[in-house]
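*Asks:* Using the sequences and the accompanying hints, generate a full structural model.
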Amino acid sequence: MIPIRDINPTVVRPIVTLALIAINVAVFVLIQPPADDPDAERFAYEYAAIPCELQTSDPLDTQEIRTGVCSEADRGTEVFPEKIVLLSVLSSMFLHGDILHIAFNMWSLWIFGNNVEEAFGRSGYIAVYLAGGVAATVGYAVVNPDSTIPLVGASGAIAAVMGAYLVLFPAHRILSLVFLFFVPVPAALFIGIWFIGQFGVDPASNVAWEAHVAGFLFGAVVALLLRPLLLRRLASHRQPRWATFP
Numbered sequence: 090m091i092p093i094r095d096i097n098p099t100v101v102r103p104i105v106t107l108a109l110i111a112i113n114v115a116v117f118v119l120i121q122p123p124a125d126d127p128d129a130e131r132f133a134y135e136y137a138a139i140p141c142e143l144q145t146s147d148p149l150d151t152q153e154i155r156t157g158v159c160s161e162a163d164r165g166t167e168v169f170p171e172k173i174v175l176l177s178v179l180s181s182m183f184l185h186g187d188i189l190h191i192a193f194n195m196w197s198l199w200i201f202g203n204n205v206e207e208a209f210g211r212s213g214y215i216a217v218y219l220a221g222g223v224a225a226t227v228g229y230a231v232v233n234p235d236s237t238i239p240l241v242g243a244s245g246a247i248a249a250v251m252g253a254y255l256v257l258f259p260a261h262r263i264l265s266l267v268f269l270f271f272v273p274v275p276a277a278l279f280i281g282i283w284f285i286g287q288f289g290v291d292p293a294s295n296v297a298w299e300a301h302v303a304g305f306l307f308g309a310v311v312a313l314l315l316r317p318l319l320l321r322r323l324a325s326h327r328q329p330r331w332a333t334f335p
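To convert a position in the sequence shown, counted from 1, into the working numbering, add 89.
The hints are simulated quantities; they were obtained by calculation from the structure and are not laboratory data.
Beta carbons: idealized from backbone N, C-alpha and C, even for Gly.
Please note that the accuracy of each hint is not assured.
[Said to hold, decoys possible] Ranges of calculated distance between the beta carbons of each label pair, as one might list FRET restraints:
hint, residue 1, residue 2, range
1, Leu-119, Ser-146, 29 to 35 Å
2, Pro-122, Leu-314, 36 to 42 Å
3, Asp-128, Gly-157, 19 to 25 Å
4, Ile-112, Glu-171, 39 to 45 Å
5, Glu-130, Ser-294, 14 to 20 Å
*Replies:* Below, the structure written as structure tokens:
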């Protein structure tokens with residue numbers, strides 16, 4: 090089931106969603122080394138969030154990278170001593186593994202992000218997006234505290250957007266390619282299948298499904314708490330702004 094678009098037009102121009110897509114693409118094309126570049130792995134270790142570093146509050150040392158074993162004891166020289174560990178939680182949201190990774194993420198962000206942006210407003214939306222990405226990274230690190238593998242991708246933040254979308258627009262349709270047919274699938278069904286599917290991800294796939302789950306739950310809870318306010322905001326966008334005469 091491949092999402093094509095949502096049948097849920099917006100009134101407000103999704104400037105923040107477009108800006109986030111542009112920033113992610115710019116980082117991938119202009120800053121991040123290509124996946125087949127010898128410096129790609131080094132770049133990821135330098136700028137991406139790593140659970141072990143979040144646990145120890147220190148950048149990985151040579152021994153930890155070589156063995157893949159997280160240790161609070163200093164057993165080697167820090168490879169990137171100037172790395173700001175907490176800042177990497179934010180920077181890793183704008184890094185991607187390959188072209189398919191960023192393409193699917195940005196497509197999903199466009200499908201679900203514009204409506205969530207309209208509901209939260211621009212400042213609220215960017216706050217939920219970034220906080221959702223942080224929650225996703227923290228959630229993954231809690232489950233995998235000793236991991237020394239860099240965590241990259243916007244999917245945790247986008248999962249938060251999807252969680253908010255589910256709460257706000259459960260009955261709206263997602264036009265999806267199902268086998269060879271285009272089918273309008275209710276958002277609750279589409280996102281529900283996606284969420285349940287996270288628990289069946291192959292452990293060898295290197296997909297951080299725990300981050301997806303954590304981000305999704307964060308976005309859903311925030312939207313649920315603010316749902317009456319957000320629905321009133323959406324309704325106000327659709328009210329006529331001109332006077333009528335009998």
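*Asks:* Next, verify each hint and record whether it holds.
*Replies:* Results of checking the hints against the structure:
| no. | hint | in the structure |
| --- | --- | --- |
| 1 | Leu-119 <-> Ser-146: 29 to 35 Å | holds, 31 Å |
| 2 | Pro-122 <-> Leu-314: 36 to 42 Å | holds, 41 Å |
| 3 | Asp-128 <-> Gly-157: 19 to 25 Å | holds, 20 Å |
| 4 | Ile-112 <-> Glu-171: 39 to 45 Å | violated, 23 Å |
| 5 | Glu-130 <-> Ser-294: 14 to 20 Å | holds, 18 Å |
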